[in-house]
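Each chain, letter by letter, is given below.
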Amino acid sequence: MTLPNPEFEAERIRRILAGEKHLFHDLIRPCERSIYFLLFSLLKNETDAEDAAQETVIKVYQNLDKFRGDAQFRTWVLSIARNEGLGKLRKIGSRREDSLDAETDESSGDYTPAILTSWKEIPAQALEQKELGAILRLAIEGLPEIYRNIVLLRDIEEMDIRQTAAVLGIREATVKVRLHRARSLLQRRLAPQLKGYAPKRKGWFGGRG
Amino acid sequence: MRIDCKHVWEHISAYIDGEVEATLRADIDRHLETCEICSAVLDSTRNVVILVADDRVFELPAGFSERLHARIDRELGTPAG
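Top line first, the protein sequences correspond to chains C and Y.
Each residue of the first sequence is one higher than the one before, counting from -12 in the working numbering.
Each residue of the second sequence is one higher than the one before, counting from 56 in the working numbering.
Take these hints with a grain of salt, some might be off.
Taking lysine to any residue pairs in the SDA-like style, the calculated list, with each CA pair at most 20 Å apart, reads [stated by the list, open to error]:
id : chain 1 : residue 1 : chain 2 : residue 2
1  : C       : Lys53     : Y       : Gly118
2  : C       : Lys187    : Y       : Ala95
3  : C       : Lys163    : Y       : Val104
4  : Y       : Lys61     : C       : Gly96
5  : C       : Lys46     : Y       : Leu131
6  : C       : Lys182    : C       : Gly96
7  : C       : Lys117    : Y       : Arg111
By construction, these hints were calculated from the structure, which means they are not laboratory data.
In isolation and in its complexed conformation, chain C is listed as follows (with noise of 0.2 Å):
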């Protein structure tokens, strides 16, 4: 991730206004990441998301004398994409069983995590295996809309609890209580998975050796 970094973006956001409309390339490039991953989480599908990746940079350029600094441009940023994968979203219509119906069933769920007695440390060079990487997207691609965003935001693009809550209009205190549930729920479904990408050493098999 790159880190936001304010005074080179209300720096860049003067002289773009002013006229150096080239420069909006160099504003836009740190946060092409987030805005993409925040509207796959939303609509599940590379094109769509390109799309409204696409509408939401343009309408960033746009409206780019609205942003007030009041808020990290990032998070300004992404709470624009957020409404521009919304308004798709409703326009594609739900096709996806969970899409918007979520945000109502929030209290129900088991968030027991999975129970284990002993746990090897995965290293993140395990990563260079194809199929790790698949199974931990599976995993987040399979959580409500409500807990994906928010993983997405706080855990994938490591923004702060704050900056998570602006950005999807919610309180600070939701965003912790779902990120806890959706934390619990990738814990649990992914420790018996993930077992196996463990550095294998003598007796690993049974656990105990």
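Take the given structure of chain C and dock chain Y to it, following the hints.
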């Protein structure tokens, strides 16, 4: 204070983020010293959080950035830059 496993699980996410207040954190730490289940739940959850944050898990589609900036150029009415 003695706390049980369920109580620990409720705070795992905040614990990972360093957002539980000091007294509760100390209670959880004390519980973790003797509870191998909660230790494994905590370690596996933290491990999952670290793995999903890796850029290799979610990669942009090939050519995404080029197409996006070409679209911006059309909007700006400037040659590619």
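Tested hints:
This hinted pair does not check out: C/Lys53 and Y/Gly118 have alpha carbons roughly 30 Å apart, beyond 20 Å. Straight-line distance between C-alpha atoms of C/Lys187 and Y/Ala95 comes to about 17 Å, which keeps the hinted pair within the 20 Å bound. Restraint check for C/Lys163 and Y/Val104: the C-alpha separation of about 15 Å stays at or below 20 Å, so the hint holds. Proposed proximity of Y/Lys61 and C/Gly96 is supported: the alpha carbons are some 16 Å apart, at most 20 Å.
With a C-alpha separation of about 12 Å, the suggested pair C/Lys46 and Y/Leu131 falls inside the 20 Å cut-off, and the hint holds. Annotation: proposed proximity of C/Lys182 to C/Gly96 is violated, straight-line Cα distance about 24 Å (limit 20 Å). A hinted pair counts as satisfied when its Cα atoms are at most 20 Å apart, and C/Lys117 with Y/Arg111 qualifies at roughly 9 Å.
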